[in-house]
Amino acid sequence: MKIKIFNREICACALPDTNSLCAKSSAEMEEKMMKWKRMAALGAAVMMVVGTLAGCGGSGDAGGEDGIVHLKWVTIGNGMPTNYDSWIAKVNEYIEPEIGVNLEMEVIPWGDWDKRRSIIVSINEPFDMIFGTGNNYIADINLGACYDITDMIDANMPGLKELMPDKYWDGVKVKDRIYGIPTYKDSSITNYAVWDKELVDEYNLDLASLTEIESLTEIFETLKADKNDYPVYVKNDGVYYIFDVYDQLGAGTQILGVRYDDADAKVCFTLEEPEIYSALETLHDWYQKGIINPDASTLSEARVYNMWRVAQGWESAGVTAWGPQMGKEVAVQKIGDTILSNETVRGSLNMVSVNTKYPEKCLQLLDKVNTDTKLRDMFFYGEEGVNFNYTEDGRVHKINNEWAMAGYTQGTFFTVTLEDTNETNQWDEVKALNEAAVSSVMLGFTFDSTEVSDKLANCREIWMRYRSEVMTGVRDPKDTIPEIKAELMKAGWQEVMDEAQKQVDEFMGK
Amino acid sequence: MSKKDKSGQSLNQIKTSTNVVFNLVFLILAVMCVIPLLFVFSISITDEEVLRINGYQLVPQVLSASAYEFLWNERLTILRAAFMSMLVTVVGTMLSIALNTSMGYVVSRRNFKLKKIYTWMLFIPMVFNGGMLASYVVVNNILKLNNNIWALILPLACSAFSVTICRTFFRTTVPDSIIESAKIDGAGQFRIWSQIVLPISKPVMATIGMFAAFGYWNDWFQASLYIQDTKKQTLQSLLNQMQKNIEYIANNPYGGLSLQEYKLSMPTESVRMAIAIVIIVPIACTYPFFQKYFISGLTVGSVKE
Numbered sequence: 009m010k011i012k013i014f015n016r017e018i019c020a021c022a023l024p025d026t027n028s029l030c031a032k033s034s035a036e037m038e039e040k041m042m043k044w045k046r047m048a049a050l051g052a053a054v055m056m057v058v059g060t061l062a063g064c065g066g067s068g069d070a071g072g073e074d075g076i077v078h079l080k081w082v083t084i085g086n087g088m089p090t091n092y093d094s095w096i097a098k099v100n101e102y103i104e105p106e107i108g109v110n111l112e113m114e115v116i117p118w119g120d121w122d123k124r125r126s127i128i129v130s131i132n133e134p135f136d137m138i139f140g141t142g143n144n145y146i147a148d149i150n151l152g153a154c155y156d157i158t159d160m161i162d163a164n165m166p167g168l169k170e171l172m173p174d175k176y177w178d179g180v181k182v183k184d185r186i187y188g189i190p191t192y193k194d195s196s197i198t199n200y201a202v203w204d205k206e207l208v209d210e211y212n213l214d215l216a217s218l219t220e221i222e223s224l225t226e227i228f229e230t231l232k233a234d235k236n237d238y239p240v241y242v243k244n245d246g247v248y249y250i251f252d253v254y255d256q257l258g259a260g261t262q263i264l265g266v267r268y269d270d271a272d273a274k275v276c277f278t279l280e281e282p283e284i285y286s287a288l289e290t291l292h293d294w295y296q297k298g299i300i301n302p303d304a305s306t307l308s309e310a311r312v313y314n315m316w317r318v319a320q321g322w323e324s325a326g327v328t329a330w331g332p333q334m335g336k337e338v339a340v341q342k343i344g345d346t347i348l349s350n351e352t353v354r355g356s357l358n359m360v361s362v363n364t365k366y367p368e369k370c371l372q373l374l375d376k377v378n379t380d381t382k383l384r385d386m387f388f389y390g391e392e393g394v395n396f397n398y399t400e401d402g403r404v405h406k407i408n409n410e411w412a413m414a415g416y417t418q419g420t421f422f423t424v425t426l427e428d429t430n431e432t433n434q435w436d437e438v439k440a441l442n443e444a445a446v447s448s449v450m451l452g453f454t455f456d457s458t459e460v461s462d463k464l465a466n467c468r469e470i471w472m473r474y475r476s477e478v479m480t481g482v483r484d485p486k487d488t489i490p491e492i493k494a495e496l497m498k499a500g501w502q503e504v505m506d507e508a509q510k511q512v513d514e515f516m517g518k
Numbered sequence: 026m027s028k029k030d031k032s033g034q035s036l037n038q039i040k041t042s043t044n045v046v047f048n049l050v051f052l053i054l055a056v057m058c059v060i061p062l063l064f065v066f067s068i069s070i071t072d073e074e075v076l077r078i079n080g081y082q083l084v085p086q087v088l089s090a091s092a093y094e095f096l097w098n099e100r101l102t103i104l105r106a107a108f109m110s111m112l113v114t115v116v117g118t119m120l121s122i123a124l125n126t127s128m129g130y131v132v133s134r135r136n137f138k139l140k141k142i143y144t145w146m147l148f149i150p151m152v153f154n155g156g157m158l159a160s161y162v163v164v165n166n167i168l169k170l171n172n173n174i175w176a177l178i179l180p181l182a183c184s185a186f187s188v189t190i191c192r193t194f195f196r197t198t199v200p201d202s203i204i205e206s207a208k209i210d211g212a213g214q215f216r217i218w219s220q221i222v223l224p225i226s227k228p229v230m231a232t233i234g235m236f237a238a239f240g241y242w243n244d245w246f247q248a249s250l251y252i253q254d255t256k257k258q259t260l261q262s263l264l265n266q267m268q269k270n271i272e273y274i275a276n277n278p279y280g281g282l283s284l285q286e287y288k289l290s291m292p293t294e295s296v297r298m299a300i301a302i303v304i305i306v307p308i309a310c311t312y313p314f315f316q317k318y319f320i321s322g323l324t325v326g327s328v329k330e
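For the protein sequence lines, the chains are X and E, in the order given.
Position in the first sequence counted from 1, then plus 8, gives you our numbering.
Position in the second sequence counted from 1, then plus 25, gives you our numbering.
All the pointers check out, no bait thrown in.
Residues from chain X that face chain E, not an exhaustive set, calculated with beta carbons under 7 Å:
id : residue
1  : Gly87
2  : Trp118
3  : Asp120
Calculated Cβ distances over 10 Å to all of chain X for the following chain E residues:
id : residue
4  : Ile39
5  : Thr41
6  : Val46
7  : Ile53
8  : Ala123
9  : Met128
10 : Phe137
11 : Asn173
12 : Lys208
13 : Gln214
14 : Gln220
15 : Ala301
16 : Ile302
17 : Ile304
18 : Ile308
19 : Cys310
Over 10 Å on every C-beta distance to chain E, these chain X residues come out as not near it, computed from the model:
id : residue
20 : Ile76
21 : Ala163
22 : Ala201
23 : Thr458
24 : Gln502
Since the hints were made in silico from the structure, they are not lab data.
Small disclaimer: the values here were computed from a predicted structure and weren't measured.
Where is the CB? At the ideal position from N, CA and C, for every residue including glycine.
For reference, chain X alone in the conformation it holds in the complex:
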């Protein structure tokens, strides 16, 4: 009966002029209607099938054959390698029998990364694993885009578990759960002063006595006078390394932090801390004396040649990276402790997508990448015979520099075969630094800023407005810091600090 009424209604509205049609026997109409309905149902079914297929896209299907699953890994680099097809065929040939995974990679160029990554995460484009850094990590977790892998690590990643000290796993914990796999490399931070060696020799400098920022003024004045150049040549983020001793708690701003070795874990407004304040005063002094380049606060790209600068790394990087970068020999001097904090660990990690069907396989793949030297070399150096060759003594000889994937995004450095040009094993050096690193007191704590997110965002913006001018010494901290503080207070800074302190106390109390 219902159908009949439905029929008439359809007739009435769809074909208003052809009343005669409605007058036809309703049995005939019913038959037609059934036919139509059947077609509609069929159509819907087709749509659904197509939809599901499309939804799976490049990922998650193909689970049938021999239990081999298809995984897609999105990562960052210099774009898709030109020999990707032949390379991935070799990789799959190797990993399919071993862990039953058929891999597909997407390498997004660095420049497009932030934009493209946020799009594919927010529209749920199908992928199984994605690379990320600290900021992505928290945002993705809040978005619910990451798979909680805490309970799967022991069973699926025995190799990495053994390789990487437990404290590095603490660095990726958010509320005691783990959502990402860090790449175990230079995952702690050690700052080095990098000097032009020629100057060090010329002035007979004792670098060990020049680690404090205040102690540098004198030699810089001399250099400025003699060389008629700016001894400190920086871009708009200035001399930022002075904040590295503060753990930013994941709040993402330099002005809020807990000192890494502060057992009381006091959340502070870093600009007012004596050591930062005095460093800022020194910067202003430098600016006035013409030690810092006057256009620093507006520069977006720094100069290649620097008489002095501070960089993160390890001792032999002076020979392998900083020197060649600058085109001159450099002398390096370690500054301060090697620090391990959430940020340093989260500098590079891989997350498993919440939409993946095979989280275990993802972890197994990453474990394999981290521990199997042959596979690790494939990811790090590219295709054997095209990008590199093994030498007789088991080293790697690079044929060209065309391999576009970035080794630091994939897994540890400590299973990578050394290059034939390496004189020393710098990874041993990094490993030693990592193991000796001082853990920040806040390791494993991430500030949950949901309660104060608007206020925090405002405060962050306020600091961003002042940052360039403060960090390059243009502004005098004596006037500027009270000014910044007054503005921050209006934006709700105190509440942000209180909330952070409350959470920190809870974390320390347990």
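Dock chain E against chain X, hints included.
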């Protein structure tokens, strides 16, 4: 020129002082346009070592052709990218002219019933737009154009702005009487548009064609969203990617030294500038062609009233 008034000027001549001021203004504007170009060129022929020490200088101290040599060695990549740029620009511009003028013609006809609603449909996206995510979903998930050259062409093919220009042009410069006469001779709408309206609308076609051509030639944004295959990259996106890659590395000191090491394999400053020159030259060469239509086209009439 023959008749001169007391001040020694001919009748239609602009006052000397005004003339000087105008000339100065245009001179300054021209210099502002030319200097950056000269800078880019001079950096591209400066020796990298000198750049490292002295920074940018308008007159290079030490000349070097190494940047262009580098490009020559990479000519396969560059030429392929240039070909893609060319292809996208040519196909895109033709498609764009066809779509914009036809739509413009339709909404310019007063007797067209849906004129009002179409005008609104044009007007709204001129003011608001759906944003990046929505268009990405349409192109990528619905049209499935990911990694497809059409993803570079279709999203830019039709612009509300160009349609509005066409509409205004057709309404103001194409008289109703000529369309009426065509109708009397038995022409349909398509024939009126293609054989009557378009031939007398070359200036507007040149205008929107130029917008479209520059839009396509300079576009890197679509490529950065939709093209992953390096073989399908355009010249502009190649340059943009290099530049952005270097910026990313410079702005992420916390990525660790391993990230910083990649800086070593990035193209040098002068190479980037040399690519910019390679991009500028072809599009600069197309200017004179458009210019011709601007000058001749604007004075051409078709019906004497």
